[in-house]
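Chains as they are written, first to last, in this note's numbering: chain A, 25 to 252; chain B, 780 to 966.
There's no promise every hint is true.
What the hints assert, rightly or not - Partner residues aside, some chain A positions facing chain B, computed with beta carbon under 10 Å:
hint	residue
1	Met100
2	Lys143
3	Arg146
4	Asp172
5	Phe226
Stated by the list, open to error - Pairs of lysine to any residue, SDA-like flavour, derived with a Cα cap of 20 Å:
hint	chain 1	residue 1	chain 2	residue 2
6	B	Lys831	A	Ile228
7	A	Lys230	B	Lys907
8	B	Lys852	A	Arg146
9	B	Lys831	A	Lys122
10	A	Lys230	B	Lys852
11	B	Lys842	A	Glu169
12	B	Lys901	B	Asp851
13	A	Lys126	A	Met100
14	B	Lys883	A	Lys128
15	A	Lys217	B	Ser857
16	A	Lys122	A	Gln158
17	A	Lys230	B	Lys871
18	A	Lys223	B	Lys816
19	B	Lys842	A	Cys192
20	A	Lys230	B	Tyr825
21	B	Lys842	A	Pro227
22	B	Lys816	B	Ile880
23	B	Lys831	A	Arg232
24	A	Lys89	A	Lys141
25	B	Lys907	A	Tyr239
26	B	Lys816	A	Ala229
27	B	Lys816	A	Arg220
28	B	Lys842	A	Arg146
29	A	Lys195	A	Lys89
30	A	Lys168	B	Gln891
31	B	Lys831	A	Tyr239
32	A	Lys223	B	Lys871
33	A	Lys238	B	Lys883
34	A	Lys128	A	Arg146
35	A	Lys141	B	Pro854
36	A	Lys195	A	Pro110
37	A	Lys223	B	Ile880
38	A	Lys195	A	Ile166
39	A	Lys143	B	Pro854
40	A	Lys217	B	Lys816
Note that these hints are calculated values from the structure, not bench results. Quick caveat, the model's predicted, so the values are computed rather than measured. Cβ coordinates follow ideal geometry from the N, Cα and C atoms, glycine included.
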Amino acid sequence: FFFNDTATTEIYTEQIVGSVRCVQETGINAEYMGKSLYTQVKMTKGYNDQSFAGRVRQYVVTARKVPKNETDTQEMYSMRIFARSPIFAKSQFWAILKKQSKIKGSAGEVLSVVEVKEKNSRTVRTYGIILRYQSRTGIHNIYKEIRDVSLSGAVSQMYTQMSGNHRCNLKTIQIIKTHVVRKSDEYRKEANKQYRNSKISFPIAKSRRAPLKKYRTLFKAYNSYRLN
Amino acid sequence: MCIRDRYQRRVHGEELKKQFTRKKFSQGKMATRNYLKIGRVCRINYGADYGKHVVVLDVIDSKRALVEGPNDKIPRQSINFNRLTPMRFVAKICRGVHTGILKKAIEKQGIQRDIENSNAYKRTQQTKLRAGLTDFERFRAQVLRFRLAKQARHQARVLSRGGAATKKLPQRKSDSHELGCRFEYIY
Chain A
25 FFFNDTATTE
35 IYTEQIVGSV
45 RCVQETGINA
55 EYMGKSLYTQ
65 VKMTKGYNDQ
75 SFAGRVRQYV
85 VTARKVPKNE
95 TDTQEMYSMR
105 IFARSPIFAK
115 SQFWAILKKQ
125 SKIKGSAGEV
135 LSVVEVKEKN
145 SRTVRTYGII
155 LRYQSRTGIH
165 NIYKEIRDVS
175 LSGAVSQMYT
185 QMSGNHRCNL
195 KTIQIIKTHV
205 VRKSDEYRKE
215 ANKQYRNSKI
225 SFPIAKSRRA
235 PLKKYRTLFK
245 AYNSYRLN
Chain B
780 MCIRDRYQRR
790 VHGEELKKQF
800 TRKKFSQGKM
810 ATRNYLKIGR
820 VCRINYGADY
830 GKHVVVLDVI
840 DSKRALVEGP
850 NDKIPRQSIN
860 FNRLTPMRFV
870 AKICRGVHTG
880 ILKKAIEKQG
890 IQRDIENSNA
900 YKRTQQTKLR
910 AGLTDFERFR
920 AQVLRFRLAK
930 QARHQARVLS
940 RGGAATKKLP
950 QRKSDSHELG
960 CRFEYIY
C-alpha cells in the first residue's frame, strides 16, 4: 500500500513498529513516504539485520508440538543450531526436527530462541568440528580443525572454508559435533599444532597500502607508500 | 637529505659519517625484519585504530593474531597481520596474559617509553603538530628554514673557496620544536 502525502514521520513509524523492524533513522525523507511499505522494509533491513553480517551465531532453539488442549503435555525438543539469525535458526531447527520426528513447523510452537554467546573470547582455542555435507556426488563426513577465539567464529570460518573448497552452502551442511582440541595428541591437523608453540616467531609481509580505505587510489605520484 | 644535513655533513664530515653508517644507512637495516612473536609491540597501520600500538598476545592462525593495546584503549581482539607493523621492542609476557598483567608488564618494562622514543611515533607527533600550526607559525618556521639555508650556502661557498668552516654557529634560542621542526634549528 502506498503513502501519497508527505505527512510527518511519527504517524508512519508507529504503524511500522508493531509489525516489522522499526526504522532506525529518525528523519525519514519525504521521498521514502512515497514508496511502498515493502520497499521501506527492504531498505532498513540491510543496515541492522544480523543475517547480513555473514557471521554465524549459535542458538539454542526449544520447541514443541502445539498441545491440543490445556491438559495435554507435549515433549519439548531443544537443539543447538548455528545460523546467521534467529529466523534462520528456527527454520533450520524445524528442518532437522522434521526428519527425526513427526512434528512439522506448522504444527509446532517455538518456545525460545536464545543466542549462546561465547563465555570467553579472550583466549585462542582450536575447535574440532565434525560435520556432514552433501556434495554433488554424495554425502560425506568431514572433520575440520579451526583456530579461533570463539566457537561461532570457528563455525563461521568452517562454512566459508566448506563453500570455498567443497562448493557447499549452509543448507547442505549439518554440524554433528564440535569440541575444543586441547591435548597435543588430539590434534589431527599438523598445521594447527605449530600455533601451540609459545616461542613462535615469524616474519610478516610488510604491507604497503593507504591507511584507510578512503585514501586508496589507482594512481599515485610516487612509487610506494612510505613504510611505517 | 635536507639542507641542514648536507651542511652538517660538509662541516662535521667524518664524525657524522660514522654516525650515519651505523644507524640509518647501514646495509643490514633494510634486510632485517622484526619478527612477530608473543609480546611483540606492533603499530596498527590500517583502519580506525591507525597509528595505535598493541602487543601481540597470541597467534590465532596463519593470518591473525590476538592483540591488546591497553595504553591506546584497544580492547583484546583478533587482528589481521596485514594491519600490523612490528616494532623493535618485545614485551616479556606469557601467551595470552590477562589485561592487568599486561598493563603491569608494559609499565615495568617501559614499553610506552620505547614507543615514544621511536621514530615512527615522533614523526606522527610532528605531523600532528604541523597540521595544527597557524599561518603565522608556518611563516615563522619558514623564516627559520630560510635562515639556515642561507647559512649553509654561505658555508658551502666558504669551503669551496678553500676556507675553514665555522664549526660553531652563534646559538640563539629558537622555537623550532613548537613549530614542528624535527631538529633544532640553531640561530
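A quick look at each hint next to the structure:
1. Given hint, methionine 100/A at the interface with chain B, is violated; its Cβ is 37 Å from that chain's nearest Cβ, farther than 10 Å.
2. The interface hint given for lysine 143/A is violated, since its Cβ lies 14 Å from the closest Cβ of chain B, which is over the 10 Å cut-off.
3. For arginine 146/A, the suggested interface contact is upheld, since its CB lies about 5 Å from the closest CB of chain B, less than 10 Å.
4. At about 7 Å, the closest approach between the beta carbon of aspartate 172/A and any beta carbon in chain B falls short of 10 Å, and the interface hint on this residue holds.
5. Using the Cβ-Cβ criterion of 10 Å, the hint placing phenylalanine 226/A at the interface with chain B is satisfied: the shortest such distance is roughly 6 Å.
6. At most 20 Å may separate the alpha-carbon atoms for a hinted pair to count; lysine 831/B and isoleucine 228/A meet this at roughly 18 Å.
7. Proposed proximity of lysine 230/A and lysine 907/B is contradicted: the alpha carbons are some 24 Å apart, above 20 Å.
8. Between lysine 852/B and arginine 146/A, the direct Cα distance comes to roughly 16 Å. Compliance with the 20 Å bound is thereby established for this hinted pair.
9. As the CA atoms of lysine 831/B and lysine 122/A are separated by approximately 52 Å, the hinted pair breaks the 20 Å bound.
10. Proposed proximity of lysine 230/A and lysine 852/B is contradicted: the alpha carbons are some 25 Å apart, above 20 Å.
11. The straight-line distance between the Cα atoms of lysine 842/B and glutamate 169/A is roughly 15 Å, inside the 20 Å bound, and the hint therefore holds.
12. For the proposed pair lysine 901/B and aspartate 851/B, the alpha carbon gap of about 16 Å is at most 20 Å, so the pair holds.
13. Taking the CA atoms of lysine 126/A and methionine 100/A, the gap is near 13 Å; set against the 20 Å cutoff, the hint holds.
14. Restraint check for lysine 883/B and lysine 128/A: not satisfied, since their Cα atoms lie roughly 57 Å apart, outside the 20 Å limit.
15. In summary, the hint linking lysine 217/A to serine 857/B is supported, as the alpha carbons are separated by about 19 Å, within the 20 Å threshold.
16. Restraint check: the Cα-Cα separation between lysine 122/A and glutamine 158/A comes to about 18 Å, which is no more than 20 Å; the hinted pair holds.
17. The straight-line distance between the Cα atoms of lysine 230/A and lysine 871/B is roughly 24 Å, outside the 20 Å bound, and the hint therefore fails.
18. Proximity of lysine 223/A to lysine 816/B is assessed by CA-CA distance (about 7 Å); at most 20 Å being required, the pair is judged to hold.
19. Restraint check for lysine 842/B and cysteine 192/A: not satisfied, since their Cα atoms lie roughly 24 Å apart, outside the 20 Å limit.
20. Using a Cα cut-off of 20 Å, the hinted pair lysine 230/A and tyrosine 825/B holds, with the two alpha carbons roughly 12 Å apart.
21. Among the hinted pairs, lysine 842/B with proline 227/A is consistent with the structure: their alpha-carbon atoms are about 12 Å apart, no more than 20 Å.
22. The hinted pair formed by lysine 816/B and isoleucine 880/B meets the criterion: a straight-line CA distance of about 18 Å does not exceed 20 Å.
23. A distance of roughly 17 Å separates the Cα atoms of lysine 831/B and arginine 232/A; the hinted pair therefore holds under the 20 Å criterion.
24. Between lysine 89/A and lysine 141/A the CA atoms are separated by roughly 27 Å; this puts the pair beyond 20 Å, and the hint is violated.
25. For the hint linking lysine 907/B to tyrosine 239/A, the alpha-carbon distance of about 18 Å falls within 20 Å, and the restraint holds.
26. Distance check on the hinted pair: lysine 816/B and alanine 229/A sit about 14 Å apart at the alpha-carbon level, within 20 Å; holds.
27. Between lysine 816/B and arginine 220/A, the direct Cα distance comes to roughly 12 Å. Compliance with the 20 Å bound is thereby established for this hinted pair.
28. With a C-alpha separation of about 17 Å, the suggested pairing of lysine 842/B with arginine 146/A holds against the 20 Å cut-off.
29. Only pairs whose Cα atoms come within 20 Å are accepted, and lysine 195/A paired with lysine 89/A is rejected, the gap being roughly 24 Å.
30. At most 20 Å may separate the alpha-carbon atoms for a hinted pair to count; lysine 168/A and glutamine 891/B exceed this at roughly 41 Å.
31. Restraint check: the Cα-Cα separation between lysine 831/B and tyrosine 239/A comes to about 18 Å, which is no more than 20 Å; the hinted pair holds.
32. Distance check on the hinted pair: lysine 223/A and lysine 871/B sit about 11 Å apart at the alpha-carbon level, within 20 Å; holds.
33. Proximity of lysine 238/A to lysine 883/B is assessed by CA-CA distance (about 37 Å); at most 20 Å being required, the pair is judged violated.
34. Taken as a hint, the lysine 128/A and arginine 146/A pair is broken in the structure, with Cα atoms around 40 Å apart against an allowance of 20 Å.
35. Between lysine 141/A and proline 854/B, the direct Cα distance comes to roughly 18 Å. Compliance with the 20 Å bound is thereby established for this hinted pair.
36. Proximity of lysine 195/A to proline 110/A is assessed by CA-CA distance (about 15 Å); at most 20 Å being required, the pair is judged to hold.
37. Restraint check for lysine 223/A and isoleucine 880/B: satisfied, since their Cα atoms lie roughly 19 Å apart, inside the 20 Å limit.
38. Taking the CA atoms of lysine 195/A and isoleucine 166/A, the gap is near 16 Å; set against the 20 Å cutoff, the hint holds.
39. Among the hinted pairs, lysine 143/A with proline 854/B is consistent with the structure: their alpha-carbon atoms are about 16 Å apart, no more than 20 Å.
40. For a cut-off of 20 Å, the pair hint linking lysine 217/A to lysine 816/B stands: about 16 Å separates their Cα positions.
When the structure is compared with the earlier hints, violations turn up for hints 1, 2, 7, 9, 10, 14, 17, 19, 24, 29, 30, 33 and 34 and for no others.
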